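Student: Chains as they are written, first to last, in the numbering used here: chain C, 3 to 409; chain P, 3 to 345; chain Y, 13 to 263.
The set of hints was computed from the structure by calculation and includes no laboratory data.
Treat the numbers as computed from the prediction; the structure is a model and nothing was measured.
Virtual Cβ for every residue (Gly too), placed ideally from N, Cα, C.
Be aware that a few hints might be false.
Stated by the list, open to error - Now the in silico label distances, taken between C-beta atoms and shown as ranges:
1) Pro370(C) - Pro111(P): 29 to 39 Å
2) Thr331(P) - Gly51(Y): 25 to 35 Å
3) Ala220(P) - Gln97(Y): 20 to 30 Å
4) Val327(P) - Gln29(Y): 31 to 41 Å
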Amino acid sequence: MFGLSKADTRLFLIVIGLTLFAPFILNPFPEGSELAQFNAGYPDLMQRFLIFGIFAIGFNILFGLTGYLSFGHAAFLGVGSYAGVWMFKLLGMNVLPAILLSMLVAGLFSVLVGYISLRRSGIYFSILTLAFAQMSFSLAYSVLTPITGGETGLQLSANDPRIFGQSITDAGTIPVPSLFGLEMRDSFQLDVGAWLFTFNAGYYLCAVFMVLAFYLSIRIFRSPFGMMLRAVKSNQQRMTYTGLNPKPYTLAAFVISGMYAGLAGGLMVAMDPLAGAERMFWTASGEVVLMAILGGVGTLIGPVLGAGFIKYMENIVSKINDNILHQWFSFLPDGLEDVVVAIIYPFIGKGWHLTLGIMFMLVVIFLPGGLVEGGQRIGGWIGRRFGKGGSSAEAAAKPDAKSSPAE
Amino acid sequence: MDAFILQILNGLDKGSAYALIALGLTLIFGTLGVVNFAHGALFMLGAFCAVVLSRILSIAHVTVDPTRTDFLGNPLKVSTPYVHEWFGPEAGQTLIEWSVPLAILFSIPIMVAVGFAMERGLIKYFYKRPHADQILVTFGLAIVLQEVIKYFFGANPIPTPAPDALVGSFDFGALLGFDPGTIIYPYWRLIYFMFAAAVIAAVFAFLQFTTFGMVVRAGMADRETVGLLGINIDRRFTIMFAIAACVAGMAGVMYTPINSPNYHMGMDFLVLSFVVVVVGGMGSLPGAVFAGFLLGVLESFASMPAITTVIPGINQVIIYLVAIVILLTRPRGLMGRKGVMEE
Amino acid sequence: MGILEVKGVNKRFGGLQALGDVNLSVKENTVHAIIGPNGAGKSTLLNCLVGKLIPDTGSVTFDGQSVLGRKPHEINQMGISRVFQTPEIFADLTVLENVLIPCFARRDGAFRMHAIEQVRHEAELVEQAETMLADVNMLGKRDFHAGSLSRGDKRRLEMAMCLVQQPRLLLLDEPTAGMARADTNNTIDLLKEIKAKRDITMAIIEHDMHVVFSLADRITVLAQGTPLVEDTPEKIKGHPKVREAYLGEHQ
Numbered sequence: 003m004f005g006l007s008k009a010d011t012r013l014f015l016i017v018i019g020l021t022l023f024a025p026f027i028l029n030p031f032p033e034g035s036e037l038a039q040f041n042a043g044y045p046d047l048m049q050r051f052l053i054f055g056i057f058a059i060g061f062n063i064l065f066g067l068t069g070y071l072s073f074g075h076a077a078f079l080g081v082g083s084y085a086g087v088w089m090f091k092l093l094g095m096n097v098l099p100a101i102l103l104s105m106l107v108a109g110l111f112s113v114l115v116g117y118i119s120l121r122r123s124g125i126y127f128s129i130l131t132l133a134f135a136q137m138s139f140s141l142a143y144s145v146l147t148p149i150t151g152g153e154t155g156l157q158l159s160a161n162d163p164r165i166f167g168q169s170i171t172d173a174g175t176i177p178v179p180s181l182f183g184l185e186m187r188d189s190f191q192l193d194v195g196a197w198l199f200t201f202n203a204g205y206y207l208c209a210v211f212m213v214l215a216f217y218l219s220i221r222i223f224r225s226p227f228g229m230m231l232r233a234v235k236s237n238q239q240r241m242t243y244t245g246l247n248p249k250p251y252t253l254a255a256f257v258i259s260g261m262y263a264g265l266a267g268g269l270m271v272a273m274d275p276l277a278g279a280e281r282m283f284w285t286a287s288g289e290v291v292l293m294a295i296l297g298g299v300g301t302l303i304g305p306v307l308g309a310g311f312i313k314y315m316e317n318i319v320s321k322i323n324d325n326i327l328h329q330w331f332s333f334l335p336d337g338l339e340d341v342v343v344a345i346i347y348p349f350i351g352k353g354w355h356l357t358l359g360i361m362f363m364l365v366v367i368f369l370p371g372g373l374v375e376g377g378q379r380i381g382g383w384i385g386r387r388f389g390k391g392g393s394s395a396e397a398a399a400k401p402d403a404k405s406s407p408a409e
Numbered sequence: 003m004d005a006f007i008l009q010i011l012n013g014l015d016k017g018s019a020y021a022l023i024a025l026g027l028t029l030i031f032g033t034l035g036v037v038n039f040a041h042g043a044l045f046m047l048g049a050f051c052a053v054v055l056s057r058i059l060s061i062a063h064v065t066v067d068p069t070r071t072d073f074l075g076n077p078l079k080v081s082t083p084y085v086h087e088w089f090g091p092e093a094g095q096t097l098i099e100w101s102v103p104l105a106i107l108f109s110i111p112i113m114v115a116v117g118f119a120m121e122r123g124l125i126k127y128f129y130k131r132p133h134a135d136q137i138l139v140t141f142g143l144a145i146v147l148q149e150v151i152k153y154f155f156g157a158n159p160i161p162t163p164a165p166d167a168l169v170g171s172f173d174f175g176a177l178l179g180f181d182p183g184t185i186i187y188p189y190w191r192l193i194y195f196m197f198a199a200a201v202i203a204a205v206f207a208f209l210q211f212t213t214f215g216m217v218v219r220a221g222m223a224d225r226e227t228v229g230l231l232g233i234n235i236d237r238r239f240t241i242m243f244a245i246a247a248c249v250a251g252m253a254g255v256m257y258t259p260i261n262s263p264n265y266h267m268g269m270d271f272l273v274l275s276f277v278v279v280v281v282g283g284m285g286s287l288p289g290a291v292f293a294g295f296l297l298g299v300l301e302s303f304a305s306m307p308a309i310t311t312v313i314p315g316i317n318q319v320i321i322y323l324v325a326i327v328i329l330l331t332r333p334r335g336l337m338g339r340k341g342v343m344e345e
Numbered sequence: 013m014g015i016l017e018v019k020g021v022n023k024r025f026g027g028l029q030a031l032g033d034v035n036l037s038v039k040e041n042t043v044h045a046i047i048g049p050n051g052a053g054k055s056t057l058l059n060c061l062v063g064k065l066i067p068d069t070g071s072v073t074f075d076g077q078s079v080l081g082r083k084p085h086e087i088n089q090m091g092i093s094r095v096f097q098t099p100e101i102f103a104d105l106t107v108l109e110n111v112l113i114p115c116f117a118r119r120d121g122a123f124r125m126h127a128i129e130q131v132r133h134e135a136e137l138v139e140q141a142e143t144m145l146a147d148v149n150m151l152g153k154r155d156f157h158a159g160s161l162s163r164g165d166k167r168r169l170e171m172a173m174c175l176v177q178q179p180r181l182l183l184l185d186e187p188t189a190g191m192a193r194a195d196t197n198n199t200i201d202l203l204k205e206i207k208a209k210r211d212i213t214m215a216i217i218e219h220d221m222h223v224v225f226s227l228a229d230r231i232t233v234l235a236q237g238t239p240l241v242e243d244t245p246e247k248i249k250g251h252p253k254v255r256e257a258y259l260g261e262h263q
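Use the sequences and the hints to build the structure in full.
Tutor: Given below as structure tokens:
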């Protein structure tokens, strides 16, 4: 189906299903229960899962396939965000032109950066991309303030022209982003007993783009183009002596992944029409590197998992404080309870970055395939332990990794 | 002319910090062939050595002085640092004040231990892995180190002043025959520069004049051959890593009075230091030092009002711009040897 | 007129004259060996042929067209393939993909953006690659990781990757360097087999006299960057100049 192999189709359908039913899946705990704080099914966070998922998929097309490690990818996301907000300011509040222009501008910018940076490889390429991103950040922060809003960021105002819309609504407020009248913040809430599920228009717009982005990434991975990109990573010398020119292949991959970042930036402002320079800071570029590698670089689904994992930690795990921990472990004797809490506390709550750093190191050292490979190994172990049935079930759950030639 | 000299002086202290970090990075890259993204974290650890020492020296016990009362009328609680008791109030106070310079001595064993543990515990497993893996694992380590520091010391910068005797400025203008007050330069920055020069000279002398240094230089030039000669190069490389960690740590200690240390200062310096290393030429020690000072001074010139009015924002991007131009026109950097990481 | 014509080629590295006035003509459908002691300029000459180095003076023409100033991938597209001293393959890819890549390169040129088409739908090319693999007795290993192959298999795979492009000239850079006798003989057999099956011109740079005399139709002896003699293997064997150049190295 969809021109994909059987395993890929299955993976694709799973991803569609997961995004479609995420409002249910991410809200497994009833409202008001003690575990409700682990619910991630609110629109803001779900949107972020998908947006950073798209960002990480794009990064993976570059790093996963060609092996070129960019440390400046956030610049494209930032540029895309600015372009999107400017569309809102000048044209009107429809999100489609904003998103399209975000991709276009990020694409053009990545042609420029890629053309120059790709003249070098290895660590020099990383440093060049880093330098470009830091330059963009510094300029956006200072000199380009008329375009970027500088330190306060680029915001909508009641004085914007919005030629195809209204500068200000009849109620006297600034209009909100919408898709042909469907406002992005519109939500439908479903009460089922103790559970509350929220279906948000913005989320489903992101979902459509994310599914498309994921589909395109499968096609690219399985295409002759994708094969050439893996050849770039494997042996550039052999490639040139096989009559192939690696430069345009890497540049194309760079621009595609830059456009993915632009799409993510466009969606970000479509959800919340505000763009700031901090989105381009190099730590933001570092974050997408973490996402892709933690999830499993070079695998199809890994980067999405990594993005979800990191955003979940950032937004949910980081909120656990020592009071909650004490509650959890109150069944232990007093002294022991304190000890256990003291041991765990540094790693969660505000210390989630520490856990992330440690996990990241462990993945780089022991699991080059990231969480996806970890899942496979556990699956394989269960399979060997409990007979053949377990193994084939696991293979079905992680079809991408089994059949991914990038492994 | 006086403005010119002032800018050079202003660039020197930042340039010193760049040069020291870049020197350590280059030592590690040149000897071990490892791209160490955790080097900025070592700089940060050094800075926190100074914080720790000043806290240790300030450990006090509280006594109640019944003869005096506080503003609520209760007996006044007086906290007396132990060093005051042991060495007398004056000597004790001096000790506390001089905690930053003292922290250099304090940091050496700590940084050597950290460097040793890092190399033996992690880095040595990455000699044969691709540079991208090295970047990633050390990047992860840098995150871990800075989070640990954040856990213990919080997220806010911790002011760590220089000794009172060294606070204040030196009037270069008077010395050089300009009007007094035109070229004023804080003592501590001057000390930082001289300290950096001394450390750099020491490292070069060590590599140049000791047998150990000779072997290491030979190893930097051709690792395999040196290995074939039956010299245990690995052990020496471990020591080099510890030395590089030490250099970064001392650079951090001395930088604390200029910038109050915080947990992410390492990352801030790391990005620029990498640019410095690349501009100087991967694996070239003189290149790293020269590029460090060059970029520091360039940055300071670019922030002159006369220049920023002509090209606004140039002070923000000058370093990156120089790096991009140099990387594209002179792939091995200013002083890089042929064939080192030339791709 | 040979398929490959090298005329008056000079190449200097600083004070060292690596190649001095080299003239060489490789006739179509022959195996032409270039031999010479270490430092004779064999590798420099080869690099001038594939575009890695540009000679200071002189001309190199392939099939009447100059190759000078062209990039390596353009020269390959003209019909020159190269086998390296240590096999250069795509170690991270499967054996089949290794052979598919040259198939695509041959059909689509140096760059084509086909990001939506799927590799497995290109039945014609897949079949072509599989036929090639069968030809070198490697079809059974088509899904293996190329990096996990034995050295001999890597050599076979590299040959297959070059041959599937149907080059008119195959350049071999010391294909048996560092090999044990048995492996060397296997390689000789493989090359003989390849030669027997198709019309192909080969230029071999080689150190090992055994290999050269087993395969070559013509031999050029290079010494200190200049061709000493060019003749048939029989005549070369007894040539006094060659004995002189190889004194102490004769095998």
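Student: All hints, please: hold or fail.
Tutor: Results for each hint:
Roughly 36 Å separates the CB atoms of Pro370(C) and Pro111(P), a value that falls within the hinted 29 to 39 Å. Here the CB-CB span from Thr331(P) to Gly51(Y) is close to 33 Å, well matched to the stated 25 to 35 Å. For the pair Ala220(P) and Gln97(Y), the beta carbons lie near 28 Å from each other, so the given range of 20 to 30 Å is met. Look at Val327(P) against Gln29(Y): about 36 Å separates their beta carbons, and that is inside 31 to 41 Å.
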